[in-house]
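Trainee: Here are the chains, one letter per residue:
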Amino acid sequence: MSVRPDVGLERLIDGFEQELLAAPDEEFTAGARDLGMNPQMKGSAAFIGVRSLTPQLLAALQAQFKERSSCNSRPIAGEPDEGSADAAEPGTGSAAKGNVDA
Amino acid sequence: MANSQSVVEVAAGETAPLQPPAERALALKLVTECDLLRLKVIARLHGRSLPPDVSWADLLQEAFARVLNGSRAIPPGVPGAAFLAGVMRSIKAEHWRRRRRATEQQPVLATEYQVGGSGIAEARDPQPDPERWLIAAQQIEAIGALFAADPVALQIIAGLADGHTAEEIRSTLRLTRTDYDSARRRMRRALIRAGLTLGVAQ
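Those protein sequence lines, which keep their order, are chains Z and E.
Residues in the first sequence are numbered from 1 upward in steps of one, following my numbering.
Residues in the second sequence are numbered from 1001 upward in steps of one, following my numbering.
Accuracy of the hints is not assured; some may be wrong.
DSBU-like cross-link-like pairs, simulated, lysine-lysine; straight-line CA separation at most 35 Å [what the hints assert, rightly or not]: (1) K42/Z - K1029/E; (2) K42/Z - K66/Z; (3) K1092/E - K1029/E; (4) K1092/E - K42/Z; (5) K1029/E - K66/Z.
Since the hints were made in silico from the structure, they are not lab data.
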């Protein structure tokens, strides 16, 4: 290789990325099956890290969520727990949006 | 087993399920289940050029989150997986830019570790930070190890790293189209295996 390692690695990754984007779906399911995984199964190990939250992301989302919850509850302090109604939808866009800037 | 039922504490002692961004993208049909596998393999590849404190999974989830919150919108006609791969690339570039800026704010430390060249030379031809250089060298070696038993694949890798096109590589190596396609298929298989395997990818 006649280029700097960082430049070479990025070119390599980009080349591989194009290959993988163009690869048929069957190659991925076959690859998972070769490893003893069944992607059709709910909770398959093939999706670890993808369909689950990493501890770092979970912590960031929880921090964001707590921050938002406390902001929401401040103006209606003293009232019964109505502010937590919004907060009870953690899977909605607002939680994910918070993560982006986290 | 993948745990998609992470929870967030909504009140003292009360929790609610938290849906990962990839699950939401799947529910919105932005990607297919197979795209998730494809993106996992691609994210693990991109993760190779990130410092150890940033994981491929964070990179992937962040890409999903940016698309879901609208900060990166998928243009019509562009496949979701291809777009998300591009977002990962851009997050990665952003990360290194941030790191570089942080290093530049520490001139003494930066000079101590600089590979060479004055400040003016650096402005013309920026050197990568030593950490990035080292990670890249190690990862090129690791990728080479994936194909150690496949000399044709190793030559293709060298050609890709040098910036040659597929056609240039094929003609330099004097491979027939069939041989070249078959080498690419072997390479994809090895990459998919490394990308889906449990634990640390080789």
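Trainee: Now, for every hint given, state plainly whether the structure supports it.
Mentor: How the hints compare with the structure:
Pair hint K42/Z plus K1029/E holds up; C-alpha atoms about 17 Å apart against a cutoff of 35 Å. Annotation: proposed proximity of K42/Z to K66/Z holds, straight-line Cα distance about 30 Å (limit 35 Å). For the proposed pair K1092/E and K1029/E, the alpha carbon gap of about 25 Å is at most 35 Å, so the pair holds. The suggested pairing of K1092/E with K42/Z holds, with an alpha-carbon distance near 30 Å, which does not exceed 35 Å.
The suggested pairing of K1029/E with K66/Z holds, with an alpha-carbon distance near 29 Å, which does not exceed 35 Å.
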